[in-house]
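Peer 1: With the hints as extra help, turn the sequences into a complete structure.
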Amino acid sequence: MSLPTIKPAEARRLLDSGALLIDIREADEHAREKIPGARHLPLSKLDEADFALHRGKPVIFHCKSGARTQANAPRLAAKLSDPCEAFIVEGGLDSWRKAGLPVVNDRRQPLELQRQVQIGAGSLAVVGTLLGLFVSTWFFAVPALVGAGLITAGVTGFCGMARILMRAPWNCSVYGLPTRAG
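The numbers in the sequence shown follow full-length UniProt numbering, run straight up by one, and end at 182.
Calculated directly from the structure, the hints in this document are not laboratory data.
Please note that a few of the clues may not be correct.
When the alpha-carbon atoms are kept at most 27 Å apart in a straight line, the in silico DSS-like pairs for lysine-lysine are as follows [claimed, not checked]:
1) Lys34 with Lys64
2) Lys64 with Lys98
3) Lys57 with Lys34
4) Lys34 with Lys79
5) Lys57 with Lys79
6) Lys34 with Lys45
7) Lys45 with Lys64
8) Lys98 with Lys7
9) Lys57 with Lys45
10) Lys57 with Lys7
11) Lys34 with Lys7
What you are looking at is a predicted structure, and each value in this text was computed from that prediction instead of being measured.
Peer 2: Next up, the structure:
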């Protein structure tokens with residue numbers, strides 16, 4: 001079953017009438033930027049969710065661009081217990097922001113983990129290449145290993161760099177991991 005999409009302005013009108021907005025992005029994304037009043041239910045915890053709380057109100061799902069929500073529409077629809085109106089915000093948070101609707105930004109929160117991985121992998125590749133050109137050809141192993149790690153992450157879904165970055169001190173509060181002091 002697919003869920004119909006609605007424009008951000010229509011979603012806002014439904015929210016003002018009591019609809020429930022659910023953000024399906026992961027914790028790191030939600031912590032940095034969110035729509036005021038959106039409830040956080042990451043896709044990774046969808047199987048544990050209980051949608052009884054909607055009690056007949058329309059339910060609106062969103063992610064960053066709308067792609068994740070569209071791809072998971074059958075899973076989301078299957079979680080709704082009683083028949084109710086359910087929608088996806090067309091274009092997700094990006095479209096919501098472009099429509100001039102309110103968004104809460106918390107720049108004190110770390111960048112999304114995916115962006116941290118991209119920055120880290122790109123930096124290692126550039127530095128390894130420059131060192132390989134100007135210092136020793138042995139440094140070309142660095143971008144080769146980064147490339148192999150990215151291929152492995154794409155094929156298996158396991159990203160070692162993401163696992164390491166999750167444990168970085170600036171990310172511990174987002175992921176609920178203990179810090180070295182605690």
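Peer 1: Hint by hint, note whether the structure agrees.
Peer 2: Hint check results:
1. Lys34 with Lys64: OK: Lys34 and Lys64 at ~9 Å, within 27 Å.
2. Lys64 with Lys98: 12 Å, holds
3. Lys57 with Lys34: 21 Å, holds
4. Lys34 with Lys79: 23 Å, holds
5. Lys57 with Lys79: Answer holds: Lys57 to Lys79 is near 14 Å, not above 27 Å.
6. Lys34 with Lys45: 18 Å, holds
7. Lys45 with Lys64: The hint holds at about 17 Å.
8. Lys98 with Lys7: 11 Å, holds
9. Lys57 with Lys45: 22 Å, holds
10. Lys57 with Lys7: 18 Å, holds
11. Lys34 with Lys7: Holds, because 17 Å separates the two Cα atoms, which is no more than 27 Å.
In terms of the numbered hints stated before, the structure departs from none.
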